[in-house]
Amino acid sequence: MIVHGASPAISKFGLGFVTSTEWQPTFGVFGAGTVLYGTAVTSFFALLLGAPIAIAIGLYLSLLAPRGLRTVISPLVEMLAAIPSVILGFWGLIVLAPFVQKNIEPWLHDKLGFIPLFGPPQTTGLSVFTASLILTIMVIPIIASISRDLFLAVPRDVQDGASALGATRWEVVRGVVLPSTASGVVAASLLGLGRALGEAIAVAQVIGAGTEIKASLFETGDTLAARIANQFPGAITEMHKASLFYLGVILLVIGLVSNITAQWIGRRFDYQRAVAR
Amino acid sequence: MSDASFDPAAPLTPSGNLRRRRAFSRFAEYGATAAALAAVGVLGIVVFAVVVHGASALSLDFLFQGAPNGIGPELVGTAEIVAIGTLIAAPIGILVAVYLTEFGTGRLASWIKLTLDLMNGLPSIIVGLFVFGLIVEATHKQSGFAAAVALAIIMLPIVARGTVEILLLVPSNLREAADALGVSRWRSVLGVILPSAIGGILTSTVLAVARAAGETAPLLLLSSVYDPSRVSLNPFEALPNIPTTIFRLSEEASPEGFTQAWGAGFVLLTFIMITSIGARILLARTRSKMAQ
Amino acid sequence: MSNFDSREFSQAVAATPHRVRIQTGPLSDAGPSGGKLWEGPIEAVFDAQGVSVFYGSKQALHGVNLRIERSRITALIGPSGCGKSTFLRSLNRMNDPVPGFRLEGQVLYHGHDLYASNVDEVEVRRRIGMVFQKPNPFPKSIYDNVAWAPRNLGLKHGLDERVEKALRGAALWDEVKDRLKDSALGLSGGQQQRLCIARAIAIEPDVLLLDEPASALDPIATASIEDLMHSLKGRFTIVIVTHNMQQAARVADRTAFFGLEATAGEPSGTLIECADTETIFSDPADPRTRDYVTGRFG
Numbered sequence: 001m002i003v004h005g006a007s008p009a010i011s012k013f014g015l016g017f018v019t020s021t022e023w024q025p026t027f028g029v030f031g032a033g034t035v036l037y038g039t040a041v042t043s044f045f046a047l048l049l050g051a052p053i054a055i056a057i058g059l060y061l062s063l064l065a066p067r068g069l070r071t072v073i074s075p076l077v078e079m080l081a082a083i084p085s086v087i088l089g090f091w092g093l094i095v096l097a098p099f100v101q102k103n104i105e106p107w108l109h110d111k112l113g114f115i116p117l118f119g120p121p122q123t124t125g126l127s128v129f130t131a132s133l134i135l136t137i138m139v140i141p142i143i144a145s146i147s148r149d150l151f152l153a154v155p156r157d158v159q160d161g162a163s164a165l166g167a168t169r170w171e172v173v174r175g176v177v178l179p180s181t182a183s184g185v186v187a188a189s190l191l192g193l194g195r196a197l198g199e200a201i202a203v204a205q206v207i208g209a210g211t212e213i214k215a216s217l218f219e220t221g222d223t224l225a226a227r228i229a230n231q232f233p234g235a236i237t238e239m240h241k242a243s244l245f246y247l248g249v250i251l252l253v254i255g256l257v258s259n260i261t262a263q264w265i266g267r268r269f270d271y272q273r274a275v276a277r
Numbered sequence: 001m002s003d004a005s006f007d008p009a010a011p012l013t014p015s016g017n018l019r020r021r022r023a024f025s026r027f028a029e030y031g032a033t034a035a036a037l038a039a040v041g042v043l044g045i046v047v048f049a050v051v052v053h054g055a056s057a058l059s060l061d062f063l064f065q066g067a068p069n070g071i072g073p074e075l076v077g078t079a080e081i082v083a084i085g086t087l088i089a090a091p092i093g094i095l096v097a098v099y100l101t102e103f104g105t106g107r108l109a110s111w112i113k114l115t116l117d118l119m120n121g122l123p124s125i126i127v128g129l130f131v132f133g134l135i136v137e138a139t140h141k142q143s144g145f146a147a148a149v150a151l152a153i154i155m156l157p158i159v160a161r162g163t164v165e166i167l168l169l170v171p172s173n174l175r176e177a178a179d180a181l182g183v184s185r186w187r188s189v190l191g192v193i194l195p196s197a198i199g200g201i202l203t204s205t206v207l208a209v210a211r212a213a214g215e216t217a218p219l220l221l222l223s224s225v226y227d228p229s230r231v232s233l234n235p236f237e238a239l240p241n242i243p244t245t246i247f248r249l250s251e252e253a254s255p256e257g258f259t260q261a262w263g264a265g266f267v268l269l270t271f272i273m274i275t276s277i278g279a280r281i282l283l284a285r286t287r288s289k290m291a292q
Numbered sequence: 001m002s003n004f005d006s007r008e009f010s011q012a013v014a015a016t017p018h019r020v021r022i023q024t025g026p027l028s029d030a031g032p033s034g035g036k037l038w039e040g041p042i043e044a045v046f047d048a049q050g051v052s053v054f055y056g057s058k059q060a061l062h063g064v065n066l067r068i069e070r071s072r073i074t075a076l077i078g079p080s081g082c083g084k085s086t087f088l089r090s091l092n093r094m095n096d097p098v099p100g101f102r103l104e105g106q107v108l109y110h111g112h113d114l115y116a117s118n119v120d121e122v123e124v125r126r127r128i129g130m131v132f133q134k135p136n137p138f139p140k141s142i143y144d145n146v147a148w149a150p151r152n153l154g155l156k157h158g159l160d161e162r163v164e165k166a167l168r169g170a171a172l173w174d175e176v177k178d179r180l181k182d183s184a185l186g187l188s189g190g191q192q193q194r195l196c197i198a199r200a201i202a203i204e205p206d207v208l209l210l211d212e213p214a215s216a217l218d219p220i221a222t223a224s225i226e227d228l229m230h231s232l233k234g235r236f237t238i239v240i241v242t243h244n245m246q247q248a249a250r251v252a253d254r255t256a257f258f259g260l261e262a263t264a265g266e267p268s269g270t271l272i273e274c275a276d277t278e279t280i281f282s283d284p285a286d287p288r289t290r291d292y293v294t295g296r297f298g
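Chains as they are written, first to last, in the working numbering: chain A, 1 to 277; chain B, 1 to 292; chain C, 1 to 298.
Source of the hints: derived by calculation from the structure; they are not laboratory data. Since we're looking at a predicted model, the values are computed, not measured. Don't be surprised by glycine CBs; every beta carbon is placed ideally from N, CA and C. Where hints are given, some of them may not hold.
[To be verified] From the structure, some residues in chain C lie toward chain A, with a derived Cβ separation under 7 Å: (1) V122; (2) R125; (3) M130; (4) N136; (5) F138; (6) W148; (7) G189.
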């Protein structure tokens, strides 16, 4: 159905759509390059920052926290996932973006400005960087909940065996818990990635709808989902709508690939455990 | 071979490299604790901001009147869209779940399971595009009904999965007893199994509602062109709703608009938080009851 | 016995780890086992004094006074639920994570209080190893299972030799030497348990605690574990909990019998009697011990 909607654009631009970075609705010229770049950067960043934090939270909730504290903090982490993206995006727009622009971006530009990623801060704080932070917040609860359940399922007796050999808690985690849950954690991260890739609203609110690919994270940008959300309601020409549909096709393909990979890895993981036991 | 010997009679304080390993382990523990606290902290900050900013916008006028003073029409509209969506999604979801647990084995069942899982991970904007192509293209106008269909697609996997989980907890002797009485499968499902699982089914539906109420992207495509000053009940036109209102207000740059957006966000967030928390508590209670 | 330097003599006795049977006094004083045993300074690795263990409000053990001797095999026997495993796990602080765990009294390890506040329990477990009832190999290769703990300790040089020595010591080397890289989970139950023993001895602990090591295994695997005990005897101090009295009689030097005893309130476990294995099984002092070993119950 979506492909049908996109067919005018596909026939006009073909696969070159994917790489072209021109996007001028008034001239009827469209290309997905900018948003693909933006999608890649924001999602990659969100996963890079979010997955380790989420795994740490999963470890805390399963192995470190006293039982009473666990029953309180676990639901709170899951509540983080329940916040509607439009509210989180709005908060990002009003609260996070100015904060980042005033405090974090200058500091990063100061310390790491020699890397083109960390260019000079922009005036509004609406940037790829802020969008990535918002995506990180959205990605963490998903990965953390699944990881927590995975870690809880590691049998106690194997962990005891490791402790009895004079290993510190971290060594037990590194030597037993993490290796035996590795594929599951990867699958969880891919599910989180899927969330980040498809997020339209919150990103649209904080990324600034930029039209060019820029090196610095602190400049505006756009992602597949956000562009569709921003421009579709106002799209009048057939070609404009069709191009947005085309973006949707690309997003659908990417999303399905990541989801299916996550399922496949999850299934392989179960199979391996069954064989081993 | 390196030396593993130690003096057994030495005091039981860390020997060899243990001090360093201990310190590192403690460092890792602090890191994990900090991460968890950071997550809770972010939750607190966001909720706090919404409450503080939103409370100032709240008033009876705000809740009952239309634009420019309030979001009354949006409240009604959201309720209507979500209700229609639930009416579509819940029965289908329950039926699918019943099929999967009571009747399904083999290829059709695994295809259905796969489809459900994929549906679960579908970006909501794609769902919006899909329903747009399906309904709005054909009718040439937005409608609350189209929005409800999109929400139903999003809600379906949640209801189905939760129902499957609860149905699996129903003790098998209940099924066997019904079979032994010579009752047809469908009869036993309707009369015996579903009623005993009703608690879990209800909570899954509530969770799905909580998820759907906050979805903005499909609504943006399917029900965003409306007159916010009056209440509209006709689902075959675009209905006013809260999520698109917040989005619209956030894209405009007016401070009054922002205040209203905070207020709308407050209402939405409160509803979602209460239903989410309530549903989870109910789910936990149902699970423990089932396990007895 | 004139001109006998008894001090020199007793020093010589204390210097050797072996127990010496000494005839003191006239022959007519000799008891049924032919002479009193020298109760002199044989080194005690563990000295439990008045040990009571609680899990929350439930008491598992009370008033245990027990000395575990160096380089000996000490067996803890008795019916289920008398606190044998609890006591064993208290010796290497493996009870610490159990919610509500509390120990009263004192456990001295080479004279040091095991539960003092400045004691590092990770260090304790490095010196006092444990093998569990159900084999629990890591989901890694056979080699990595044995090499894991030494790597943690920084014993990187000569790892291959260390692994081989440990596997030989556990009587497993010949069976696995060609497949060290294979997953440990592919081994049989008896082999997995011997792997766990190899894992424990690879870091050369001072003490080995074995919690019913053969109870989850078939009779053939059990026999191989018992043979292993004899070969490990001189190298480590061993404490073994077992339900199997015949096993204790075959393997142990000293045997401690645990039973239930009611103090104020609910009955809880305690040490009833501890003596040489021979004595426990042929002429125990306490009637409850006699009932147990002669099979009158349990």
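Now the hints, each set against the structure:
1. V122: 6 Å, holds
2. R125: For R125 of chain C, the interface hint holds, since the closest Cβ of chain A sits about 4 Å away, which is under 7 Å.
3. M130: 4 Å, holds
4. N136: 4 Å, holds
5. F138: 6 Å, holds
6. W148: 6 Å, holds
7. G189: This hint is violated: G189 of chain C lies away from chain A, its Cβ roughly 13 Å from the closest one there, beyond 7 Å.
Consistency note: the structure conflicts with earlier hint 7 alone.
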